[in-house]
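The task is simple: from the sequences and hints, build the whole structure.
Order-wise, the sequence lines are chains H and U.
Under this note's numbering, think of the first position of the first sequence as 1, with each following residue one higher.
Under this note's numbering, think of the first position of the second sequence as 1, with each following residue one higher.
Hints are supplied without guarantee of correctness; some may be wrong.
According to the in silico footprint, chain U covers these stretches of chain H (three or more CB under 8 Å from chain U) [unchecked claim]:
#: 1; stretch: 5 to 19
#: 2; stretch: 97 to 103
#: 3; stretch: 112 to 124
#: 4; stretch: 268 to 275
Counterexamples of contact, computed for chain H against chain U with all Cβ distances above 10 Å [what the hints assert, rightly or not]:
#: 5; residue: Gln131
#: 6; residue: Leu135
#: 7; residue: Tyr215
Treat the hints as calculated values from the structure; they're not laboratory data.
Positions of the beta carbon are idealized from the N, C-alpha and C atoms, including for glycine.
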Amino acid sequence: MYSPQIILEAALNGLMTGAVYALIALGLTLIYGVLHIINFAHGALLTCAMFAVWGAWAGLGIDPYLVILPLVPLMFALGYGLQRFVVGPASHGDDGNILLVTLGLSIVLENVLLALFQSDTRTLDTDYSFQVVALGPLLLSYPRVIGLGMAVVVTGLLWLVLNRTDTGKAIRAVAKEKLGANLVGIDVPHIYAVTFGLGCACLAVAAGLLMPTFYVNPRIGGAFVLVAFTVVVLGGMGSIPGALLGGLFIGVVESLCGLLLGDSLGQIGIFLIFIAVLLVRPTGLFGAKA
Amino acid sequence: MTARDLIPIAVLTILAALLPLVVTSSTVLNFLVFTLIVSLGAQGWNILGGFGGQFSFGHAAFFGTGAYVTAILQLRYGVNAWAGLALATAAGALVGWVIGFLSFRSGLRGSYFALVTLAFAEVFRILANAASFTGGAAGLLIKLDVRPANLQFDDRAVFYWLVLAFVAATLLLTRWIQRSRFGAQLVAVRENEDAAKALGVDSLKVKLRAIALSGGVTALSGCLYAQYFLYIDANIAYGSWISVELLLAPIIGGVGTVFGPVVGALTLHGLGEVAKQFAGRIPGIDLIVFGGVLVLAVAFARGGILGLLERLRDRGRGMVARGTKEVSHAGR
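Below is the structure:
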């Protein structure tokens, strides 16, 4: 059997991986909560952001954490534009269509990246990639501790935006009652696009936090997006605290399953939870309605 | 079913069957066999997704089951390939029924159903990739032993005819569904499940029957895939790409129509080949085309290519009708 210290370390490591899952899921759940759509392009957009971080490091020598600052508005603009000019007009407001349009987008984005960068896996290394922080007897990876901290900060910021600003109020109004929001003068297509942009901005942060310890290739987004779906479903579609807690939980589950079942079976725990939650309680643990 | 239902299927099948007599290039035949295998799987998707309106994003679960069941039965138990084909189809139907039972009983619809099917396919992929029983990550190689009894043929044309026969049989099956009471109930469930229930349709039973049929047909295509290429691994058989491909074809061709999946698969793969010819060495160029066509189809051609053709025909008829009206006005 494993010693308690190994299990504790694995759990903490999972917690920190989970923080990044939470960030990815945050964008997904925000878009779901307001637009009531499942954004299949989320993974491909994450891959785009990761390549941007890698490119800034490889081409310009910019630190991955610093890239986050300009990348957030860029990804926001990309998301805004995609929703406003592609997803919105192409889907004629039908849920099934949106699913298909975002799927089509993800195929295009993924393969454009493949055409540009080939299928090679790329990494970047910084001085702190392998630094550790000692916490009592436990050694924690420094970039992952940063990741956990940032995930909590970003969740808090997003919560503030939604609850304390006029745009946030408008977003919540559209999420609750689209027609009513429109009647009181809220520009619904604009709010949809802002929401999509915010969701993509979360991906910029996630990409910056991932790259110091992770790698990127054109297909990497798919692996993350499936996990993010699980997180979103578990936390309750559209729930922001749910996404954070769900992400952390899934990170721990993945890490422990990996430890106990081996790497190739590690992810199976995630999907079994996913199926079980969908079958038993599709509203998730924090969701209000189906 | 009437003669009007049967004649187009019969004519097109006969024309397609004559192709290998004209075209002998093995590249073209290869392309046709692969596209027809995809068509068959897509026809399976279309029964559930097109007629039943339940969009599955995980039909790889059935495709892979068909491929693995036939391969494992032959390799590990020495079962005859033809019997393997029948058992694989049955296994696909069973897996379909079980997934359907679990998810439809929990009332999953729309996006939720799409997600749960995706997750099932992933679970199968991870299991097949890890278990030694399924050959693990190395995959399974079906022994090359070219005999008709082994479902392996010297001549590619024979395999083409075999796949074509299954595609034609599924066209007939789909046409029958469209004309049957079961099909009407399935469409009613798609259009408005609550209203269908209120009219006394047992929606769970109808959906279960659809997903079992759908799973069976798609498993058959997976089995033919394994039999043609004689090699499968978890990422081919249960990979998410096959799920996407099986839903792309009907959506591009015409969702919920008899010929839609075949038209869609031929169009997509035709375009993909053309793109590859033009763009040469750019990797993924055919898939960029696939994704672009999907977005365009949803944006501008609801009902796919067949829907577009029908609208053009109607517009043509409308003009003729208007024309006769004008003539009659002039006459008066």
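Check: Among all the numbered hints in the text so far, which are the ones the structure does not match?
Finding: 1
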